[in-house]
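Dock chains B, C and D against chain A, hints included.
Number of protein chains: 4
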Amino acid sequence: MIVVLHGGTGKEEMEEVEKRIKSFGYSVHRSRGENKTILGAIGYPRKEAQAVLEALPAVEKVVFISQPFKLAGRELQQEKTIFKVGDVEIGGPKIVLMAGPCAVEDKEVYLQAALEVKKGGAAIIRGGAFKPRTSPYSFQGLEEEGLKIMAEARELTGLPIITEVMDQHSVETVARYADILQVGTRNMQNFKLLQELGRLDKPVLIKRGMSATIEEWLMAAEYLLSSGNSRVILCERGIRTFETYTRNTLDISAVPIAKELSHLPVFVDPSHGTGKWKWVSPMSLAAVAAGADGLLVEVHPFPEQALCDGPQSLVPEKFAKMVTTLKGVAQAVGRAL
Amino acid sequence: MIVVLHGGTGKEEMEEVEKRIKSFGYSVHRSRGENKTILGAIGYPRKEAQAVLEALPAVEKVVFISQPFKLAGRELQQEKTIFKVGDVEIGGPKIVLMAGPCAVEDKEVYLQAALEVKKGGAAIIRGGAFKPRTSPYSFQGLEEEGLKIMAEARELTGLPIITEVMDQHSVETVARYADILQVGTRNMQNFKLLQELGRLDKPVLIKRGMSATIEEWLMAAEYLLSSGNSRVILCERGIRTFETYTRNTLDISAVPIAKELSHLPVFVDPSHGTGKWKWVSPMSLAAVAAGADGLLVEVHPFPEQALCDGPQSLVPEKFAKMVTTLKGVAQAVGRAL
Amino acid sequence: MIVVLHGGTGKEEMEEVEKRIKSFGYSVHRSRGENKTILGAIGYPRKEAQAVLEALPAVEKVVFISQPFKLAGRELQQEKTIFKVGDVEIGGPKIVLMAGPCAVEDKEVYLQAALEVKKGGAAIIRGGAFKPRTSPYSFQGLEEEGLKIMAEARELTGLPIITEVMDQHSVETVARYADILQVGTRNMQNFKLLQELGRLDKPVLIKRGMSATIEEWLMAAEYLLSSGNSRVILCERGIRTFETYTRNTLDISAVPIAKELSHLPVFVDPSHGTGKWKWVSPMSLAAVAAGADGLLVEVHPFPEQALCDGPQSLVPEKFAKMVTTLKGVAQAVGRAL
Amino acid sequence: MIVVLHGGTGKEEMEEVEKRIKSFGYSVHRSRGENKTILGAIGYPRKEAQAVLEALPAVEKVVFISQPFKLAGRELQQEKTIFKVGDVEIGGPKIVLMAGPCAVEDKEVYLQAALEVKKGGAAIIRGGAFKPRTSPYSFQGLEEEGLKIMAEARELTGLPIITEVMDQHSVETVARYADILQVGTRNMQNFKLLQELGRLDKPVLIKRGMSATIEEWLMAAEYLLSSGNSRVILCERGIRTFETYTRNTLDISAVPIAKELSHLPVFVDPSHGTGKWKWVSPMSLAAVAAGADGLLVEVHPFPEQALCDGPQSLVPEKFAKMVTTLKGVAQAVGRAL
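Chains as they are written, first to last, in our numbering: chain A, 1158 to 1494; chain B, 1158 to 1494; chain C, 1158 to 1494; chain D, 1158 to 1494.
In isolation and in its complexed conformation, chain A is listed as follows:
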């Protein structure tokens, strides 16, 4: 059961509501967002509580929710979540492209890439400063130095930037530079990291774990939402299957399903999803056709020089060409780009 409080409810009033909720045998989970506070009543559902609680002046409404993802699901909130990052609207009618190199490696190259993806149609610049690598001996990212280069790219292009955070100790540092923080597939169930990011006042994009069910993915988003952060983007990036031609199997069906179950914007990463630049374009078209709200695409001016994920990076001309086709597909399904 979820108890939604009116905006501007004071501390005392809230405690009074919590006391009443507990009197029915529930425990209370408090989730304080920017505009409203939601109290999760955890326990065996008791129908008679509704009338009692809705009689309290601080209570806007009481909702019984059957899905385990209380705040991420459509039961509590039917309308889509839409929010702005700089001038870019996420979750709205316009498809949003986030593009750029996998990792920030060289300043000149990165700034060139940023300019080119902007020209090609990207609305947000991506790049990795902290890289989760299977091997401790692989390039681990430029760390804060990389974040500074990304901030320069933002200056240069006027576009917001998105980058991954993988370390609880660097949450603050990353948040200082990034406009959107990204949680990688390997950290989707790093619950303590999620709770910290949930307390930030910055949007978070959460990738689906490579063997996470759609329900587990929404539950990971629930960790962010229930910690107070309502600006959450879901991102499908391929699941692990027996197939070996692709790096992962990009689960396009996760797009309509996540959108049906949740009000959150759903993005797709076709680069990690396939592992090969040749398949990025058809899978991007497929993602938008299936209803994705945006894409996260790796674009690198010199993929053969990349220290990380070169084989799956588009060159800027191919990216621009793809965007042209993408416009037609977006239009066909009632969206714009």
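These are calculated hints, taken from the structure and not from any lab test. Hints are supplied without guarantee of correctness; some may be wrong.
Pairs involving identical chains hold if they fit within one copy or between any two copies, as the list cannot separate such chains.
Claimed, not checked - Result set (DSS-like, lysine-lysine): computed pairs, CA atoms no more than 25 Å apart in a straight line:
(1) Lys1276 / Lys1349
(2) Lys1218 / Lys1435
(3) Lys1218 / Lys1484
(4) Lys1168 / Lys1305
(5) Lys1416 / Lys1484
(6) Lys1193 / Lys1484
(7) Lys1435 / Lys1416
(8) Lys1359 / Lys1349
(9) Lys1478 / Lys1237
(10) Lys1276 / Lys1237
(11) Lys1416 / Lys1475
(12) Lys1475 / Lys1237
(13) Lys1484 / Lys1359
Chains B, C and D only, in chain A's frame:
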């Protein structure tokens, strides 16, 4: 190594070529199609054989092929395979829709469905007379009775029909009625059945096994091709993964990959791929956006009465509505419908 | 609902029972075994039918069954299925080893292998005459010639033989030679083949499909049982997962689960399950520790010469050594070998 | 290439060696363990470096390593890693049982459980104070309060304790109480956490990620080893597959493979691996038969009251009974218990 013979090569000439191939230590696999004969030379590749064999008047060309799928791959044949079934061109610029109920259950209902899917935009009528069912106690199909009803639907609509064959003993019966024979996911590696179908003069649609790699799927097509049948359609229908929200995980990335590796037309079955009618439409759009040559869709006028796969069947109005959107997507990617 | 008839029930009496079953709205599935006949009443369960039917003299008992595998499950038959093949008891307290080369390729080698595995402790000789191969260009087996060699091995050793049948047209041929017929992983859901084998008077070993759930595997066994064959052996042989170090992931947990759900004997094939001879021995020990009733092991005197599956074949000395350790494990879990 | 230094090499000498390594174009990864220091030379292998470097007095040996897991693999260290935790030898001939409730929930119950598992044969007490839960609304553990109860259990039984750490901020706290720190399946690729644990002077048990390949699992161990911690235990706990009867598919074959590739001790968790207490016993027997060095088993005196993972917990009597059979299996494979 593949030795392609000129059209109209006689028996004696062919045997002469085979003798020469064997003299290099190869064994010979003969694949006689309608228009040309191809001799597969199986064994350790010997470069010097090429000049010797190409000197023979019956030999058109000698091709060394590195992929295991010799005839299905793009190395031997670069241009796409296009063929006609009745008036319908498969593999050409136009997207082909095959639609109809999962199983033939009731004549009235089936004929009504056939008319409605034609009206909605289908070019070929689908239906099952022999049904592979997990349980021996489930409805197994009307068998020949069902085929007769399908033949009536063909009369009524003027459209070709496609149906599944799952039994070596009924190959002839099914071939007598059907315009295209379908091999189901559970029989993708029923090699003896494939060899029999490969000797037929009827097109065959082969579904990907639910845990088959793309390579194994192409190798299954190779069984058909190497037995002499060149009119083969590949059909992706979802693979088995850990996800439980969908019946299978429809692997849209298999579409661009199969089309890159093979010249054969590639179709997608979004009904079995998702298991729920709600997701059939977005996944159909995704499939076409990704390059599919056609779709195989379950449509049933009264899904709640279906003995088999009701929950994944579209009603005719929803099918017609989907086709409208599909036209826009097809156009955006340079196809028609 | 299952209606078990007394042994020796005549045709007329049986038809009388069937008529009464149908009067309750059921359809009837007749399963005639060697000793008793079982009538499956398919439809919505009606409790009041029990008393009426049990009053008929031909009816031994009426059982309501909730599992979908009516005959393979423990609800109808609690005690383990035990039967003899020649002198070998399958499903009894003694662990049964079936061993030999993957394919019959050369008579001398095969007969030598047969003698050696007998010496090493095998009770049944295995070998393949019809081989399901991913590629149409791979060695497909010696066919009937191979069966003849296997029959010679039986003569020589006095042990029963087991071999695979993969073709509906060769069921009779294989049944003429083999003591046990094997259904391979790719044919586990070749339902028409299963129904034919179900009508034979020969035991059948059915391998789990490489992506079959345990329930689907038991339902495949149900096809055999419901066609009248009660001498069925289940064989776990590895499932398809994302792991690439092994050819398949041998699902040892399927052993205790299948034994809990079903009364049928459960075997394990550690050779296909791992794909490498080095891991055959530890996995054989694990299988027996987990409760397997027997093993199906590939043993080849010259694995490096094998046309098929050499890398996963044990040499006879390693097989014999493994059997020694196996005896200790069998004893520890209350079995013998 | 790995450069092993003599014990007691001073800082200056080490820097001299590093300078020489770099002169060949390598970058250097320093891994300082308790007894010896290993310098990883990352880059293109140059054979001529070996003689030059081995001439330096500080260098014990230079090893070229082809596997990506340099320190975890058998190439650098052939003999098994054996170490002591309190009086308990890990990785030696004796099988080590770690047992106890999933989570610490109630002091009385936990202490009772600790006494009972000791009586039953456990050498180490397990329990969770910080619990990674799919839902933010589920019981998240007693945190430090739970650790204190575990410390009491150690007092009471004289046995070492193992518990999970899932939060970078609580590494120190957990390390203050625990004798072994456990990394859960969801954090196997939480690389920053691994690096922190690698710098501790406490043994770490690392569970295989539920969709991690064996190679990725060893690479995760490599993160621990290359950060300086050589007391690492690998623990297989089931992988995610399509099967739904079990919570996970316990990959017993990972045991012989991990032991072949690595010198580290390999444990198995049959409780999470199966999800049901009934299958814990057969899978424990299988694990030991396959060569496991130990088990991590959930035992709870009142499973029906457990807030977490009750269905997969053995009651103490069943645990004790299992240990009896386990002794026989251990003996059969040349181990003791």
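Right, here's what the structure says about each hint:
1. Lys1276 / Lys1349: Answer is neither; intra-copy 38 Å and inter-copy 36 Å both fail.
2. Lys1218 / Lys1435: Classified as neither; 50 Å inside a copy, 30 Å across copies.
3. Lys1218 / Lys1484: neither (41 Å within a copy, 44 Å between copies)
4. Lys1168 / Lys1305: neither (40 Å within a copy, 34 Å between copies)
5. Lys1416 / Lys1484: The answer is both: 21 Å in one copy and 23 Å across copies each meet 25 Å.
6. Lys1193 / Lys1484: Neither: 37 Å inside a chain and 43 Å across chains, both beyond 25 Å.
7. Lys1435 / Lys1416: For Lys1435 and Lys1416, the Cα distance is within 25 Å only across copies (12 Å; inside one copy 27 Å).
8. Lys1359 / Lys1349: For Lys1359 and Lys1349, both the intra-copy (17 Å) and inter-copy (22 Å) Cα distances are at most 25 Å.
9. Lys1478 / Lys1237: between (30 Å within a copy, 24 Å between copies)
10. Lys1276 / Lys1237: Intra 29 Å, inter 35 Å, cutoff 25 Å: neither.
11. Lys1416 / Lys1475: between (29 Å within a copy, 19 Å between copies)
12. Lys1475 / Lys1237: Answer is between: at 24 Å across copies they meet the 25 Å cutoff, but 32 Å inside does not.
13. Lys1484 / Lys1359: Cα proximity of Lys1484 and Lys1359: none, with 29 Å in one copy and 40 Å across.
In the structure shown, a violation is registered for the earlier hints numbered 1, 2, 3, 4, 6, 10, 13, in ascending order.
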